[in-house]
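There are 2 protein chains.
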Amino acid sequence: MENSAENVRSQMRKGVLEYCILSILDKKEAYASSILDELKAANMIVVEGTLYPLLIRQKNQGLLSYRWEESTQGPPRKYYCITDKGRQQLGEMDVAWQEIVDTIRTIKEQQR
Amino acid sequence: MENSAENVRSQMRKGVLEYCILSILDKKEAYASSILDELKAANMIVVEGTLYPLLIRQKNQGLLSYRWEESTQGPPRKYYCITDKGRQQLGEMDVAWQEIVDTIRTIKEQQR
DNA sequence: ATTAGTACTTTGTGTTGCAAGGTATTTGAA
DNA sequence: TTCAAATACCTTGCAACACAAAGTACTAAT
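Residue numbers (my numbering), protein chains in the order written: chain A, 1 to 112; chain B, 1 to 112.
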């Protein structure tokens, strides 16, 4: 209940994470740990307990598929890949995201 | 579970709503129904059952205060007003929002 | 008196992010 | 050989939140 700055960020991440995952996988297939790294690099900090269930949800919705691949070091990796349905959903998310950005701008602009 | 386009929007709204409320009240005090109207005008559709608990939460956190005012037509109105603490939180949210916008841009830009 | 309009409130449900802990595989050092 | 470290994936329990739906209360006009 403390750390309001971090809590603010956590709240805002909600609903945007799915959009980030699909956007990342739209570029190229990836496995969970590498997705985590990319999110961290982009300043969107997420933990494993958030990402894994999310990937499983999106897979169950038919937005993603996956395949196992051996690794040269460490256990095998589950490579996720966006599907046609996932790409369609991503298109809707692009529109929705732009709308929200515009909405915030509209509300903010009236201040002047 | 249907209407994926609307569901996408609903998910993305999560976490941004508090930011919108504080931003609106940072301009001038307002009562719930008028806030609803402003959100609708800005394309951020919200229903009563979402807004009222949110206002109460923010009031309980000390981000807002309110006063009753008689209306010339209809029941009295609860006018909400942002507090110093609310303005401070709004400042943090401004930063958090800009970070998320940048994050999305970063992820998207690598596609080219 | 009754209805319509305005405004505020509450209850129950499903989704989601997260902390914390767990399982499994590989590699390299003791 | 065994044991620790690194990598990777998964699960459980909890709290927060948006929403649908239904409810309460006040006012004004019919």
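If you're looking for bench data, these hints aren't it; they were derived computationally from the structure.
It is possible that some hints are incorrect.
[As the list claims (entries may be wrong)] Far from chain A by the CB rule (all over 12 angstroms, computed), these chain B residues:
1) V8
2) E18
3) Y31
4) A41
5) N43
6) P53
7) S65
8) R67
9) C81
10) D94
11) V95
12) A96
13) D102
14) Q110
[Stated by the list, open to error] With the Cβ distance kept under 10 angstroms, some of the chain B side facing chain A (calculated, not the full set):
15) S10
16) Q11
17) M12
18) V16
19) Y19
20) K27
21) E29
22) A42
23) L51
24) R77
25) I104
The beta carbon of each residue, even a glycine, is placed where N, CA and C say it ideally should be.
Evaluation of the provided hints:
no.: 1; hint: V8; in the structure: violated (5 angstroms)
no.: 2; hint: E18; in the structure: violated (7 angstroms)
no.: 3; hint: Y31; in the structure: holds (17 angstroms)
no.: 4; hint: A41; in the structure: violated (8 angstroms)
no.: 5; hint: N43; in the structure: violated (5 angstroms)
no.: 6; hint: P53; in the structure: holds (15 angstroms)
no.: 7; hint: S65; in the structure: holds (18 angstroms)
no.: 8; hint: R67; in the structure: holds (22 angstroms)
no.: 9; hint: C81; in the structure: holds (16 angstroms)
no.: 10; hint: D94; in the structure: violated (9 angstroms)
no.: 11; hint: V95; in the structure: violated (8 angstroms)
no.: 12; hint: A96; in the structure: violated (5 angstroms)
no.: 13; hint: D102; in the structure: violated (7 angstroms)
no.: 14; hint: Q110; in the structure: violated (6 angstroms)
no.: 15; hint: S10; in the structure: holds (8 angstroms)
no.: 16; hint: Q11; in the structure: holds (4 angstroms)
no.: 17; hint: M12; in the structure: holds (4 angstroms)
no.: 18; hint: V16; in the structure: holds (6 angstroms)
no.: 19; hint: Y19; in the structure: holds (7 angstroms)
no.: 20; hint: K27; in the structure: holds (5 angstroms)
no.: 21; hint: E29; in the structure: violated (14 angstroms)
no.: 22; hint: A42; in the structure: holds (4 angstroms)
no.: 23; hint: L51; in the structure: violated (14 angstroms)
no.: 24; hint: R77; in the structure: violated (21 angstroms)
no.: 25; hint: I104; in the structure: holds (7 angstroms)
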